[in-house]
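Given the sequences, and given the hints that come with them, work out the whole structure.
There are 4 protein chains.
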Amino acid sequence: MAANRGVVYLGPGKVDVQSIDAPKMENPAGKKINHGVILKVVSTNICGSDQHMVRGRTTAPKGLVLGHEITGEIIEKGSDVEYLNVGDLVTVPFNVACGRCRTCRDQLTGVCLNVNPGRAGGAYGYVDMGGWVGGQAEYVMVPYADFNLIKFPDKAQAMSKIRDLTMLSDILPTGFHGAVNAGVGVGSIVYVAGAGPVGLAAAASAQILGAAVVMIGDMQAERLQHAKKVGFEPIVLSKSNKLEELIAAVVGKPEVDAAIDCVGFEARAHGANGEEAPATVLNSLMAISRAGGKLGIPGLYVTEDPGSKDEAAQHGNLRMRFGLGWAKSLSFHTGQTPVLKYNRQLMQAILHDRLPIAKIVNATVISLDDAPQGYQDFDKGAAKKFVLDPHGELRKAS
Amino acid sequence: MAANRGVVYLGPGKVDVQSIDAPKMENPAGKKINHGVILKVVSTNICGSDQHMVRGRTTAPKGLVLGHEITGEIIEKGSDVEYLNVGDLVTVPFNVACGRCRTCRDQLTGVCLNVNPGRAGGAYGYVDMGGWVGGQAEYVMVPYADFNLIKFPDKAQAMSKIRDLTMLSDILPTGFHGAVNAGVGVGSIVYVAGAGPVGLAAAASAQILGAAVVMIGDMQAERLQHAKKVGFEPIVLSKSNKLEELIAAVVGKPEVDAAIDCVGFEARAHGANGEEAPATVLNSLMAISRAGGKLGIPGLYVTEDPGSKDEAAQHGNLRMRFGLGWAKSLSFHTGQTPVLKYNRQLMQAILHDRLPIAKIVNATVISLDDAPQGYQDFDKGAAKKFVLDPHGELRKAS
Amino acid sequence: MAANRGVVYLGPGKVDVQSIDAPKMENPAGKKINHGVILKVVSTNICGSDQHMVRGRTTAPKGLVLGHEITGEIIEKGSDVEYLNVGDLVTVPFNVACGRCRTCRDQLTGVCLNVNPGRAGGAYGYVDMGGWVGGQAEYVMVPYADFNLIKFPDKAQAMSKIRDLTMLSDILPTGFHGAVNAGVGVGSIVYVAGAGPVGLAAAASAQILGAAVVMIGDMQAERLQHAKKVGFEPIVLSKSNKLEELIAAVVGKPEVDAAIDCVGFEARAHGANGEEAPATVLNSLMAISRAGGKLGIPGLYVTEDPGSKDEAAQHGNLRMRFGLGWAKSLSFHTGQTPVLKYNRQLMQAILHDRLPIAKIVNATVISLDDAPQGYQDFDKGAAKKFVLDPHGELRKAS
Amino acid sequence: MAANRGVVYLGPGKVDVQSIDAPKMENPAGKKINHGVILKVVSTNICGSDQHMVRGRTTAPKGLVLGHEITGEIIEKGSDVEYLNVGDLVTVPFNVACGRCRTCRDQLTGVCLNVNPGRAGGAYGYVDMGGWVGGQAEYVMVPYADFNLIKFPDKAQAMSKIRDLTMLSDILPTGFHGAVNAGVGVGSIVYVAGAGPVGLAAAASAQILGAAVVMIGDMQAERLQHAKKVGFEPIVLSKSNKLEELIAAVVGKPEVDAAIDCVGFEARAHGANGEEAPATVLNSLMAISRAGGKLGIPGLYVTEDPGSKDEAAQHGNLRMRFGLGWAKSLSFHTGQTPVLKYNRQLMQAILHDRLPIAKIVNATVISLDDAPQGYQDFDKGAAKKFVLDPHGELRKAS
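Residue numbers (the working numbering), protein chains in the order written: chain A, 5 to 402; chain B, 5 to 402; chain C, 5 to 402; chain D, 5 to 402.
Any copy, or any two copies together, can satisfy a pair, since identical chains are not distinguished.
Pairs of lysine-lysine, BS3-like flavour, derived with a Cα cap of 25 Å:
#1 232 - 257
#2 155 - 257
#3 388 - 400
#4 18 - 313
#5 165 - 257
It is worth saying that the hints were derived from the structure and are not from the lab.
Fair warning: this is a prediction, and the values are worked out from it, not measured in the lab.
Given below as structure tokens:
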């Protein structure tokens, strides 16, 4: 492990695979740690939130190593790691969490108080998330390993389902968190905004939670076709700017039990050629939610959006139809998903063949070197979830 | 009961006490019902949300009989009322609820699906809430009586605490709902925005829920003095437009465990001479809430606010700093309080001398005829909660 | 509707179909009511808890009309019934509930305080449950109809799924309540004790709640074969008196995430030729539950069991290994299921083809006149759920 | 810290203060650890569950160093301890927990899976709880310190309330857990069985949770007098074997909203000269609980009780009137309290003068050398909670 290579952000629209430092057993402040492990990265996915950086919509610095969706094999461990061993295959939550602060003790690992001096919450390879090196690389260091990692019980079995299990690091728990927060349960009528990978994961989550009907809306035809193919009701947003009518056409009334925003701040107005309109999704979900309902909002909203055309939105201000939400007694549930709250149970569902998430999000394995192409294709809206395979092990496994 | 008198809205800034129809056993559509009771009103309070109408900030029609905070004695009952009797003294939730629809069965009586053809949720004497006649009157009809009403177990005991018990119809459960939704528990550091009656009720609720520190902020000196007198930490909003700093000055850091918005859409910017700025309170609460926190929002936000200076706000649109809330993983809990979810337990707390709410909100008994003066004084910000006494029974009881 | 016929209990081991009174709009105390409806019974099922009476294990009086699992069409309604109409096809929860007391308001309709003078909780056609006439009959009266009944949205669609929908009156919500109480969620490893209809319904509920593995144990081969056929892991209790070992043989360790007791007080010791041993199931579930787990206990335990061989059990006393449960921090969740808490969502799951409960419990339609034979076959352990079809409508529909 | 002294169990009825080993940075298996701290013990309390051992009711080996209620100052820390420093004053939960297993991540630190090879759950100085050395000593080692410990924010302030804060290690959270599990909330009518320190802590917890009435029952006059003095309603169990009647005499009906068992397996039958009867408390709580209620059971029930006169009870079997509990839809909540779930918030309540727990449990400070006398007095039922003061710091502070 003398050498390491990773996907590096080089400025708006540009990423490249370059030589990077080998991971060290130290935190971003340079302090030596004993609670970390070094992983050989077995799989690592490109995420929609990486795109926000790559599109230049954030203040991400050039040179940042990307990647927060990581699955890997332990090749080295610190002296304080007691319950994991070299050779274990593990899933890594995208949140870096200490397991020792008030919020971690409360299972709110998305807002750990210790891993990011700038604010609550840390992540690998992400701007303003604490400076932890990303994992779209051959090797990566994971701190607080006993707390953060979950070991797959049987390595061979896990490798046979690795395209599914790789989704445990982020999008599957993120979609699930959205569904749980929206109050999805057995028999629910559900609408998911956004048919990208997180949207599909939310739809799959609604399904396994027992939903009666799962609709999923998007502007893009290719994504909707894929959503339909894997069993969800597509809602073609380009057809109308009245989401209520599109919903009513499917379920007979303009109302759902549970609504999930898997789009976030780069939302576009509905109807043909919709312009960017950051509050569109939220406002449309208020319109279709039943009285007393809950909105699950895993889609990212940012504090600063310097690239927005809307001046208010540049400072994270949205024009929300909050009065409508209030009149319907809605609640709104936001924030980074605390992956550890859900990944064990979702792993069990995958291992017992109940959740074919790879197929649902159209997992597409590519080499680390093809990552730049993957970023481009994904940005164009390919109905695919790109999984990088730094050591060729996924291609070997299949 | 041939005659009846009540407080009638006559246009912006004008209310009067007039002769009104005697209550009938029928619903607003004119259908005869058997599940109602006629009450002799023992006490009925003026509410801050009545002010929204009287100030002309709503589309309330002239002639509307006001009043949704009602306590009374049953003087007549329909044939379907099985568990209440003539002579019972009862508390009336401000929500009209059928007890038979999906949301009522789920305890969400604030958004009953059957009592208001216009939208979910009904109330007495309120614009767009189903047309039920208000109770700032000598007599009033309450439908679905077995479901909606709670009888005080001992009439004499109840009359001796009637100034407290009269708060069960609205503001005490409303403040409590805000506190519960904000996640207030034993040991919490709490901030309540707004030192009017609902704010004080939220503060009292936080107190009985075990809060360690209860701060309450307002622009108005008289209200803050009263808040301090009854045991809460006053936060003088006119001093600074940085709520964080005011909070830090009390608890040593610019953060609270739980935050409650008891102001609503008529909020003003903080600092001296703040102008109306509908999202100010919400945005400031996001700033001070701890990561992973919850905002309880009993303060009213409206779908239409024709009287607003802000054009967006006229249609219920607010400029919310939602990105900040998202970054902190906050949740937002809105809507009319389902009073029935809380009033029994709050009644018990009052009857056993644990919750001196009358003193806390400065209950001030006046005659029905003095209601117009009460409206005026309250509008000027008097640190008082006006309780109307249509039959002189409160003044007799004390 | 001048005439009526129903299944009548005639003493231990004896039931017969006889002429009975036409249903009246009055409660068991003889008081006239306006809130009831008369149903033409479309389907009504034989339940395991009926068997307790028929076996003579209770103090049920001769002449009692049996039946608490009822689906029917409204043919007459009282003047206070506002949201249902003649002609509506409705599902009837087995609990009689007033919808107006403290526990009903809290969704605990299984322990309604008003419908049974003897204790909390009422049911149709059941000893000590308030004296409401049973529904294994051609016609039956249902009180508090607006509160208790749920109308199927489309009658023709409902008739096409009536074998499934008939399970909404009791066993499906009962199994679901057990699963929910046991903490079953996505990815859970679940064990259900008892492969009768409630056990199968609990297993089906675990499945739709997202369980990873659903095991179901019984002494009886026919039931286990059926359980396997419909997709669950059979646990052959006659093979061993160590449930831990049987579980470990399936999932690799002697522990489950969630355990559900669908047997109740007539439990038998495990192993070949097990004698009746009322605490066996509870004790074995404590042994296999994970630390911190929850036991869902929909299986019936009685306050008095005059027919028991165990003297202590005659007074409802069990020899429970409570110390073991305490050491593992378990919780125990008992009682009649509040059907209304679940039946709407389960109906939606059935109507949208997500829950083929008829197939899972092996619904077997017979005529009203064949009820006595059904009771006998069921008592012998037939792997069937008998559905009575008093008017031949189910046979017509198929 | 070369020398150390501690309270040592020497056989039934015998404890002594002896020289013991200085604490080492290693776990009971002898493995060196980096995540621990060595504490100078500032206060450490004698607990009722220590009495079970000292009375010879367990298999505790001679030579065991007692003590699991510990507050102390860090004098040494391992290299992996990142968020605590030498000099910090900390409260130690009685549970030893790793903070890294499934149950710890779920806040169920009472059943940690890693700290006790024999079963789930560890504690200091307790039989069968993992072999961690007890803290009724001058010095003690605490593992997984960042996870387990909570630092008092201000040392001087903390020393001024140290008699209260010392209750955070066990009895206050234990009583609180019982109250929370029993569903105590604002306005509840509560009964606590047992007026020892845990019972008083449960009563104090019910009070701060907003209970309307808090009754507490015991056989012993001195304890009841104390309970009355600190504000609770005493229930004199020696007066009657009908708890229902005693309850009705106070609140007018034989029923409570919430019931808490703070007695456990050494219960005695009610009435004068009651004999030991292990299920008495549980059965009496079922009798008085309202339908749909919850029983909080912090009182200890053991898997093996070799010293019991009842043969069944020797193996942890109780004769429970479970049928009655089932008929009332009760739930039963057992197990060791996960202290970390509650101690931060209770600390805040103490620091802000809302919970005078020292006064309520009658905290009585004695020297380490007086511990044997303290054990004797406590065993006789002294209405005191003994706090050991190994370094004379509490006596200095007052």
